[in-house]
Each structure stands twice: as C-alpha cells, then as structure tokens.
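Sequence order for the protein chains is A, B, C and D.
Using the working numbering, read the first sequence as starting at 10 and increasing by one per residue.
Using the working numbering, read the second sequence as starting at 10 and increasing by one per residue.
Using the working numbering, read the third sequence as starting at 10 and increasing by one per residue.
Using the working numbering, read the fourth sequence as starting at 10 and increasing by one per residue.
Note that these hints are calculated values from the structure, not bench results.
Beta carbons are placed, not taken as given, at the ideal position from N, Cα and C, and that holds for glycine.
Don't take each hint at face value.
Sample of chain A residues facing chain C (criterion: CB under 7 Å; computed from the structure) [said to hold, decoys possible]:
1. Phe-44
2. Ala-47
3. Phe-110
4. Ala-155
5. Phe-201
Below, simulated EDC-like cross-link-like pairs (lysine to aspartate or glutamate); rule was C-alpha separation at most 16 Å, straight line [to be verified]:
6. B:Lys-218 / A:Glu-248
7. D:Lys-116 / C:Asp-341
8. A:Lys-14 / A:Asp-358
9. C:Lys-340 / D:Glu-248
10. C:Lys-218 / C:Asp-182
If you want the building blocks of each chain, they are given just below.
There are 4 protein chains.
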Amino acid sequence: MDRSKREQVAAALEELKIELPSWGFANTGTRFGKFVQAGAATTIEEKLADAGEVNRLTGCCPRVAVHVAWDFPGGAASASRVAEEARRLGISIGSINPTLFEEQSYKFGSLGNPDPEIRRMALDHIRESVACMRAVGSRELVLWFADGSNYPGTAHIRDRKRWFEESLSQVGDELSESERMLVEYKPFEPAFYHTDIADWGMAYLMAQKAGSNARVLVDTGHHYQGQNIEQIVAWLLSEGMLGGFHFNDRRYADDDLTVGSIDPYQLFRIFYEIHLERWETGRLTPISYMVDQSHNLKGKIEAMIQTVTTVQEIYAKAALLDFAALRDFQKDCRLIDAEECLKEAFRLDVREDLESWRAQRGLPANPLRAFREGDYLRRIESERAGRNRATGGYV
Amino acid sequence: MDRSKREQVAAALEELKIELPSWGFANTGTRFGKFVQAGAATTIEEKLADAGEVNRLTGCCPRVAVHVAWDFPGGAASASRVAEEARRLGISIGSINPTLFEEQSYKFGSLGNPDPEIRRMALDHIRESVACMRAVGSRELVLWFADGSNYPGTAHIRDRKRWFEESLSQVGDELSESERMLVEYKPFEPAFYHTDIADWGMAYLMAQKAGSNARVLVDTGHHYQGQNIEQIVAWLLSEGMLGGFHFNDRRYADDDLTVGSIDPYQLFRIFYEIHLERWETGRLTPISYMVDQSHNLKGKIEAMIQTVTTVQEIYAKAALLDFAALRDFQKDCRLIDAEECLKEAFRLDVREDLESWRAQRGLPANPLRAFREGDYLRRIESERAGRNRATGGYV
Amino acid sequence: MDRSKREQVAAALEELKIELPSWGFANTGTRFGKFVQAGAATTIEEKLADAGEVNRLTGCCPRVAVHVAWDFPGGAASASRVAEEARRLGISIGSINPTLFEEQSYKFGSLGNPDPEIRRMALDHIRESVACMRAVGSRELVLWFADGSNYPGTAHIRDRKRWFEESLSQVGDELSESERMLVEYKPFEPAFYHTDIADWGMAYLMAQKAGSNARVLVDTGHHYQGQNIEQIVAWLLSEGMLGGFHFNDRRYADDDLTVGSIDPYQLFRIFYEIHLERWETGRLTPISYMVDQSHNLKGKIEAMIQTVTTVQEIYAKAALLDFAALRDFQKDCRLIDAEECLKEAFRLDVREDLESWRAQRGLPANPLRAFREGDYLRRIESERAGRNRATGGYV
Amino acid sequence: MDRSKREQVAAALEELKIELPSWGFANTGTRFGKFVQAGAATTIEEKLADAGEVNRLTGCCPRVAVHVAWDFPGGAASASRVAEEARRLGISIGSINPTLFEEQSYKFGSLGNPDPEIRRMALDHIRESVACMRAVGSRELVLWFADGSNYPGTAHIRDRKRWFEESLSQVGDELSESERMLVEYKPFEPAFYHTDIADWGMAYLMAQKAGSNARVLVDTGHHYQGQNIEQIVAWLLSEGMLGGFHFNDRRYADDDLTVGSIDPYQLFRIFYEIHLERWETGRLTPISYMVDQSHNLKGKIEAMIQTVTTVQEIYAKAALLDFAALRDFQKDCRLIDAEECLKEAFRLDVREDLESWRAQRGLPANPLRAFREGDYLRRIESERAGRNRATGGYV
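Looking at chain A on its own, in the form it has when it is part of the complex (with noise of 0.2 Å):
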C-alpha cells in the first residue's frame, strides 16, 4: 500500500491550491501594540513579492487575497497595474476583500450603519470592489462586517439585518454567472455586544437572500468556544452553501495563530468532512482555502510557509482515510473502530510523501529550510527596514 499512499497524497497536494493574504505579510499586532518586523511588506508590491516566494517555494499558492483600502488605494484604476506585477511574479489576486472597518465613518457600523449616507458610502465601496475584482480577473468577492454594537440597547438588530439584506441582495444581483460572493461570520471583535453577522447561520441566511452566486465562508477562529466546527462544514456541505474557509488556529478568541499550532486534530476532521463528502458524491466542491493569519512575533514568510506547508500536511492525512471502512463502522456503530479508522490516518507520518511530491515538481523538499538557505530575507529586510516603524500603541 506504499506505493498508493503515495500516490494518494500526490494527487490531494495537486488539487490543493491555498490563497495567501496580502496582509499577512504586513507588520500587523493587537490593540497593545504592534512589534515591528523589519522585513514586513507595506505596498501592495512587496506583499505580492513576498506572497510570489511562499509559491515559488511551496509551489501551491498561485493566489493572493487582497484587502481593497489597502492595496488598491487607486481604487479600479489602480488593479490592473497591480494584476500584471502579481502575473510577473508567477501568481494572480484571488479574492477581493472589501474594506468596510477602519475608516472613522463606520464607527457605527458600514451597511448596517442607522445612517443611510454611510450604507450608500459603504454599498459604493463594494462595488468598487466588484470593479477592481473584475479589473484583475478575480472573480471573487469575499465579504466581512465588523459591524456590530457594544452596548445593549444601542442598536436596532432587526433594522441592520434588514438593510444587510438589501444591499447584498443588491451586489448579489450584479454578479455574473462566474462571480460569486463569500459571506464571513464572526461571533464578536471588534463588536463587544452583537455582531451582526455573527455565526454561520446568519452568513447563510445572508447568502441565501444574497442570491444563487452567495456561499458562506468559515474563518476557522470565528467561533465559540467548544463549537463543533467540521459539524458547520458538513451542514453547508450538505446545503451547497459552503464557500471556502480562512484557515488560522486560536485558543481563545481569534488569534489569527498560524495553522495547527493549537489544534490540528480539529483541522483534520475539517478535511475528513471535505473528503468524505467528494468521495460519496465524486464531485469536487469548488471550496477556496486561503489563509487568514496575522500574528505578528514569527517572522512573516516563514509562519506563511509554516502554515502552508502544515495544511498540506493535514490535508493530505484526511485523504488517506479508509472511507469505505469508515462508513460501515459508523453503519454498524461500531464506535471504536471507526475513530480508530480516523485516527488512523492523522497518525501517519506523511512528510516523506510530501518531500517526494515536491521532489517530482521541482521543488524544495523542504520549503522552509530553502527560504533560510536563500536570501531573500536578508534582501528585503535591507530594502525595507526604514519604512517598517512602529505606528500605533494602546493609546
């Protein structure tokens, strides 16, 4: 079964392409401060430079995720430059991230603002976004609200789901065919009392009335404590609602760690539901796996290459899986042959089959230690390291 196993793993790592966000190669902290990195990207330029190595190096992130405030501050007329250097680099943008947070008009939230000057301000900044989405080929939309209140009492909630629906029904309406949009839900940060997109059952309710083109996506640190997280993925599985994930880990709210540092168990039972249902069907899901991350003391590249190698690593355990098996146990409720059939395959040691996968594409058998033997750090930390100050602090 050597041989097949890896063959198996072969062909999991060749369908497995994960989007890395441009951010996550910026300087990035928490409200206490941020610790500055030297050689941490600022211009949409260098996270693409950056984002290009992760992929020349892993040889599986053809795509970058961008935040539109950030990295088009040019707005439409600025993507398409910014579309051809990613092309240059080897890679292309993925998904297209409004900004609907920072800037002070929202302080009371964007589409779900009691103020209908700022949800016209808010709704013209996604489209905007759709403009730069379709200026660099993405096709793409992904959608997060930080909107929410902080006290009770405060905000209307029925009144902004109500003016959430209009308007992304409305961005729903003028997607093609091809497009689609990803709705995101988080259950609080940076609103203390409600959010208004808070659990998967409000994305999906808000997909649903988003139009045909509208998934849910699931950010794996958005939850509560204890929540079963794969049961979510195989609900929307089973409703043809789930969208694509935002990969991180977290041990207590929403750490943005790099992948597996907490849990990886929990990341294999995501992949198990993933796999287990294409086996079933023979369909392949289209499911965008990109990367959330934004922790900011590992240093940028190296915690990408780490997370990305590790949800190789992960995913190609899930689908090493004896699924047929597995199902007759769970028939028979024979309990403890089927979790033994599940940990089975996350006991593997898979390294060596992924070393040979990337041996056969040409890749560093080691994406990692080939970044640190390379220089490219040494580079830009050089280039960089007068633009990269410490901004910000607690007040």
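Add chains B, C and D to chain A, keeping to what the hints say.
Structure of chains B, C and D alone, referenced to chain A:
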C-alpha cells in the same frame, strides 16, 4: 405617569401566559444523583395537581407541558383521561414533548440513528405524540432531540441531517393548519462531540424543511458561553420563525436553574426585543412561553412560583420601556442615551404594580408567601413521601 | 426604614472612592483601528483635567491612575510637576502602572524574557516607576504583565515563573512599609497560548513571593467564561490578599466596556461579598477601587461618569442588604429565602438616595446631565481636535 | 537513531504505570439516563476482574482506584478481603476515593455543609477511608468534593472555605509520612453557581493548609474553556505540588470521554512539561497517573484499553523530544524552530516501538485486538447480563 405605568404593567401581565413543565414537579438531578423531595410528584395526576396549585396562586399558568413517555404511559389512549383531570383542576395540557432519548434503543440516536428500524420507531413515537396532542386538545408539538455522537468519526453527520429532514418533513406534512411544531436546539449534553441539532441555525433549517407549521424553540440554557441570545431572538422574529421559549437560567452548561437567578438582565433584553417588535408592528407574534427548569435543591413548587413571578416581573419591566425615545436614540447613535433608556426600565421596581394587578384578579399579592401559608405542601409531603426514594446514582 | 435606607446609602457613598485611569480619557481602540474623538486627551495635563472634571461632578474620584511611559515621559523627574498639576485640579495621583509591553524590546516578554538584559531593563523601569510613585506621593504600584507566549513549546514556563519570582521579590524588598504592590492577572491577550500570570492563583503565588506588601488585583474583565469572580474575591478576602479592582464589563474577552453594561448583577454580587466580610469583621479591608475601561465609542468623559455613577449605585444597593437575615437563611439552607434576600437589595431603586447624597454634598444630582449642560466638552473639543487624528490601524 | 528511539520508548513505557478506576467498568451515564451494557461490572469483584484483564493485556495497569461507598460497602472491615482479591488477580488497590456526594445528607455539602453534624459525618467517612487505605496497603487518598451552591447568596463562601481548611488539616495531621492526600478541583457540576474547590489555585491553597503530605490532582476535564492545563502542570511542578492526574478528554464540560479523543495534542503538551522538568532536574517527581473516564457508549473494557494505549503512545512521543535543542531554541526565542521541535515528536508514529516493547514483555502487540479475540467479554456478558438493567433516568 404612575397610573399609566400601573396600567401598562397590568396590560403586559394580562397577555403573559407561562406554561409549566410537568417534569418540573418531579425529582430530577445530575448524573451524580438526585436529592429527593418528599413532596415531589411521580404520577401525571400529582404533576397536574402541583401545576394547578401554581396556577391557582399566580393566575398565569393555565397550561402544562407533558412528556409523552412519562405522562402518557398508556399512549394516546390514556391522554383524554389526563386532559380531563387537568380540566378538573382549572388548567389544560399545553405542549406535547415526545420522549426520544431515555430508552435503550436510542443509544445511537432516534431520528438520526443509522438503523432504519430505530428511526421508524422514533417517528412512530412522534406520531403517537401527535395523536396524544389531538386527544388532549393541544396544538403544539415540541421536539428536542438528544441525538448526536460522542467521538469524532463515529457518526455520519450529513446522513443524519438527511434522516432528520426526511422524518421532520413527514411529521410536518401530517400536521393540520392550526397545529404547529417547535424545533429545539442544544449545543451539547448528552452528546459530547456533536449534537445533530446544535444551534439556532440548524433548528431554523430543520424547521424550514418541516414545512410552514414549524418554528424554532429557544431554550435560554442551550447556548455557547457568551452567545447573544437576544440577537438570535431578534433574527427569528425578523424571519417569522420564533415559536417559543424554554425558560431557565445557567452559568456554565444547561444548568436548568430558576429563571433570572444568574443573569436577570439577559432575560430583560430578550423581552425587550419581543416588545420592541410588537410595538413597531402592532402584531403579537404567537410565542409560547414555557418554563423548563429541573434543578433539584429548591422546593419544586416554590421554585416554580419563584420562576413564574420572576418572569412576570421582568416581562413587565420590559413592557415599560420608552420605545419611541429608544428608537430615536438608536437612529442618532446616541449610545449612552439609548443604553440608559434600556436600563431605566430594568431598574424600575415593579413589584407593587404586580401586587396591585394580582389584587384586582383576586390573587394573593405574594404567591410564594401564600403557598407557604397554605397547607398544600404539608399535605402532599405526607401523601407522597413513601413513593419518593432515591433511585439511580453515578454508577 | 426609608430614613435609615437613605442614611445607609449615604454612609456607603461616603467611603467609596473610585480611581480613574488616565488612559481612559485617551483615544483607544481595537487592533482594527481607533475611532477618534475630538475631545480625547493626549497629554497628561489633559487627562488630569478630564479626571478633575469627573471628580468635580461626582465628588468621589479624587485619584487618577497613571501609566508611567505614557504619563511621565520624563520619568521621575517629571513626576512632581504632574503631581502638582493634579493638586491644582483638586485631585491627586493614585496608582502607578509601569508600562511593560508596548516597546519593541518586550517582544518576547519583560520580566519573563529569556534575555537577562531585557529582564533588567524591565526591572529598571519598575524601579523608575517606584521613584515616580514616591515623587507624586502615591503608595500603590500596580503590575500588569503582558508576558506570555503565542505558540506551544516556544517558552519555558517554569523558567519564566522563576524570573518573575526573582524580580518581584526584589521589588517587594525595596518597598517601604506603607507602600504596596498589586499583582494583576489575565488569562489571555496579547499572549494567546500562555500568559505568565494568567489567573488569580498565579497572581496569588507571585504576591506571596513578593513579600508582605503585595496583594492581588482583580480586573473584572480578566477571567474565563463562566468563572465565578465573586468567589475569587471571597477567597482573596479570606486570605487577606485582596488588594483592589479594575472595573469594567465584558461579554467575551477583555472588552473594557463601561461598568454594569453587560452583567450588573455580577458586580452587585462582588460588592455583596465585600460588604458581608466587613459586616462580619467590623474591619474595612483596604481595597483600591479603580476603573479600567477603554472602549472608544462612547464619549470618553461621559462614559467615565456613567461608570462612576453605576459603581456608586450598585455599591449602595449591596450595602443595603439585610446581612443578619441572610446569614440565618444561609445557615439553615433556606435557599429561596437567602436568594430573595440578595435579590431584594439588587432590586431596590436607589437613585433618589444617590441624588439626595449628592445634594447634601453640593454636587449635581445627575452628573451626566450636568456635564452635558456645562461647556467643558465643547471647550476641549475645540482645543484638542487638531491633535486627535487616527493613527495606527490593522496593518 | 532508530535503535535509540526504540530504547527511549521502552524506557518511557517501563516507568509509566496507569491506575484504572473501578467505576470505569460500571454502567454510568448522564442525567438523561444510562445505556446499559450486558458486561458492565456491578460488584467490586467484577470491577477488579475487568481491571485485571486490562492489566493482563497491557502490562501497565497494576493498580485500581476504588470509591469507598461503592467498593467497600462494609467499610474498612471488608477492605482486606478486597485487597486479597486484587492480589489474586495480579493487581493491587491504588488510590482511595471517599464518596462524599451521593447520599441525601450531602444535599447542601459535605465538609462545606453549614450543619456541623454533616461535616462531622463527612470527616468520619474520610477517616474510614483512611482506614480502608491502610487495610488494603494503599498510601493515596484522593479527595474530590462536589460541594458548592447553585444560586447566588445561598452559601457563605468564606465560612465554607474555613470548614474545608479545618477538616483537611485534621486529615492531613493524621496521615503518616509515607501517605499522601491529593486534592482535586473542578469548576462546576454538580454545583452550578459556585464550587468550593473550583480551580487549581483553590486546590493548591487547600493542599497547603492540609500539610506537607498534600498535593494537587489535575483532572484534565475539570477546566474552563480555553484554559492552559499544561501551564498549570508546569506551575505545580515548579512548586513541588503536582500529585497526580485524572485522565479523560472533553469538548465542553466534564465529558469524561476516552483520552485523546478530542485533543490529543493537549495531552502531549502536558507530558512534555513533565518530561522536560525531569530531563532538567534528573528527578522523577512522584506523579500518579490515573484514568477517570466514565462515558457509556463504548464497550467499557475496550474503552479502557483504548485509553491506556493512547496514554502510552502520547507519553512515549513526548519522551522522544529533543530537549537540549528545544531549550536552546527557547533561549534564543527561535519560535518556529522551538515549535517545530515540539511538533516533530508529536508527529512521530511510535506504534511499532510500542509493539516491540510489548513483545519483549510477552504482551500482545495489539491489546484491543487480543481482547476481542479472547472470550472474556462473551463470558462476562453471559454471567452479568441479568444484573445489568437500566435504573434511574431523568425524572
């Protein structure tokens, strides 16, 4: 405004009917054992008598929820006799709860069981429950499922979802126009890895598939830590899918404590969302308010009276809100004013208003005191003590 | 009893002093950015002026907590000037908070840093803070450490514990009899895997090792979901180790919301434990009541007034408890009577009593309204607006 | 290094003894009922036989923990007979667990009960347990208290703390040099508002007051969501106060699932802290490793074998860590290298090494398979089926 306040309280109390759970009068406990009360009810006749006593003292609890396996041991055949007994006591049978967990057959689930025989058996029990419902003149079927799994990989989540959909839509089809089905959700216990209907989103989808008579039931103890229950209530109201409540309080899990004992402000905010929607629409959404508490240290009947009067008190406070002012503050994002407007009503001491309403209706001003001054408890304790012995235990 | 109630409220209010945090008047935010207020304070002079205004209106906030790096940029040398400015405004400097997180050197910790140079630097900063404390005539050093790690395996937990012990016992040795050190704990943020002083047990041990002048500080927002804060307070009281509080409210993490906005009953139960111990012992344990809120949507000064008056209100309610009756109910395990005794005091509307106490002291009956009627806000907004610009942001 | 790896695994396995809970072989359940197994044990003889079978197959479970009220119904008088039966089966009695919850007298607590008679009764039961301990030749007393309260205001937290201190220090005084007492903590269940010994800090203080023979026992299921258990372990190690473990897994509350079923990486990190301390000090802290699982869907004996082999596997992995390298990475704050060093050991597939160790000891390579191939289960099922009937239930 004092006069008007008293009238508003009276109007709120007039419309508020609280259904009592038959099992709330029986000895219950934790897996570590039960602390037995001499006066606890064991037969349906005793439970009805206790519920009748609570209604006699509070005047707002005309209905009793029953659990089919515990309260109609003879099935539908015995149901009309039970209904008659209730009538004799001045009350009636309210919601009908199929009992789909305790039996050994349900070890691996009821409607979600991989064994089609067990699924059929569960469906038959629900149909028998519908027959009971009709026999007692009730129109409300409440469905809570303990179904789930305890170890990763042991259950096929999507299959189980489908089995639930099939059965629930069959039940839905068989209900008449005036009957309805409430689908409850619960994140965990007794299933510890996944619960088939774990959150409001899952209950919502199940209710959708079950047809136009199905709604969602919110048990206030069935949520994740930190989850915003009143937002869920607002969303369900907005979707026309809120069917009712199981009231209780909790600090950690599903503790089934008396209402308002841990977080009274939370219940107030739930009622605020309901009153607000009604103030805006002029419509009274048909919401079934049911108690579901079963903690076993307080005297069973005393605990029920305490809960009922607490619900009245908090419901009345929420009715006193200045909705017009609040809406304006919300529109203008005057956060402190909006919040203080809400807290203003919460702060009000409405107990004199409650007493005055009770006096007008010929009810004791303080139902708990009246109960203690009466001899009901002494009587049932001497009658029932022999039958109330500790059973079960951890091992 | 009305007269006595008013007197009891007055007595409780007389003894209640609430310390305000200088940083509570500055623009703060989340990692997603800050919503800037025109009137926010940036200099220590402005912060003191704002605190003085709150004290002028409420009469119970004579002290201001300061953060050394932000408020004494010149170190101890600048401290006496600050103290004088405070005095001019009718207030004084309260607790001294070393700033041990923001600086780039603290990327991997302060007193817990593996690098002895950084540990020494942190210790020096604490000593400088003690010098500041003496320069301003304060006697309270408040130590909160952001130290921790973000990924399993990256930090040596026992080594770090030892380094903390060594440094804190050194600081403890250098304090005089009349000075004290409060050690704060926090389960997470900004460290997401482990925090060196994560819970009350860890803070207790650290305070023990720091010597007889050290106590534990309880920040009401620094707990796990569902944790019983009042029990911790009771244990610390029982051990003579309760030093003070940072008051705020929260729903999920450390949300730093205004006090009582999410769970007012919880704060009431905390005060109940304190009043009970005092009623029993006749001793007033020296507890520092400090506000630590920093959410940034409500007007800074208005939010502070709201918090201060809420603390007064809840503190006064808890003082009105019938402790003798309660103790008897507890002894006899009369659960409902004991609980209702507690709730009876919580239900009381004491606002008129507060107003009466204010009138007697020549204070405005409604400090928030008085603030709005005054022109302080307009004045500072016009003076400060230019300096308050958004800085920082997610990336 | 393969040879050395195998030797390291063997050395780790040699020292690892896992104590089995007698109650883990009995029918247990949730408050919603028990699913009965034909082969479950009801008498202490049956429990010992089952434990003996697990030990026969795994070779690492020489001791059985007993619960006094369930396993020594005749008290100390019956204890020596039990010890003899154990000896006959090749095992011995391990920790002694007083049973201080189930009885009706403990409705309001045991050592924390306001009634001095009940406190005395509880203390007497502990003394009887000590007598049992001596009668069976054990030296370990494990104290878990279900004591707490369910409603705010109903219990006097500081009084109860004092009563615990008094009783525990009395018990501590009566222990001999070679005997020890382990104090367990648990945040909630069966008490839902406050639990007298709720967290490690409280257990630590109690152990301190109980004298030099007392240590803290960590049940891996008794923590708040998101709490860092391995940090608690590291602190207790550092203080010389770690006494032992109750192993199980959980997702939400105290679910008592088989070990490693939900979060295997967490247990690995716990063992890492223990191995690291030992690698540094060269000392093997006496830690009692006990299983405490009681979920009732998997076959009782199979579940126990699964847990034991999982503990072995994870313990062996943690022993394979490259501690010298890890320490260097930690000192230099090389986060990714340190983390990968940790994960490297977790990733290792050590099952062949385990099999090889078993072969050397004359044990079956796969204990679960060996158990299934044997006829033990069939035999006990036919012998015991008649006695195993469902008892108890929700009402």
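(request) State the violated hints by number, sorted upward, taking the hints as numbered earlier in the document. (result) Of the numbered hints given earlier, those the structure breaks are 2, 9, listed in rising order.
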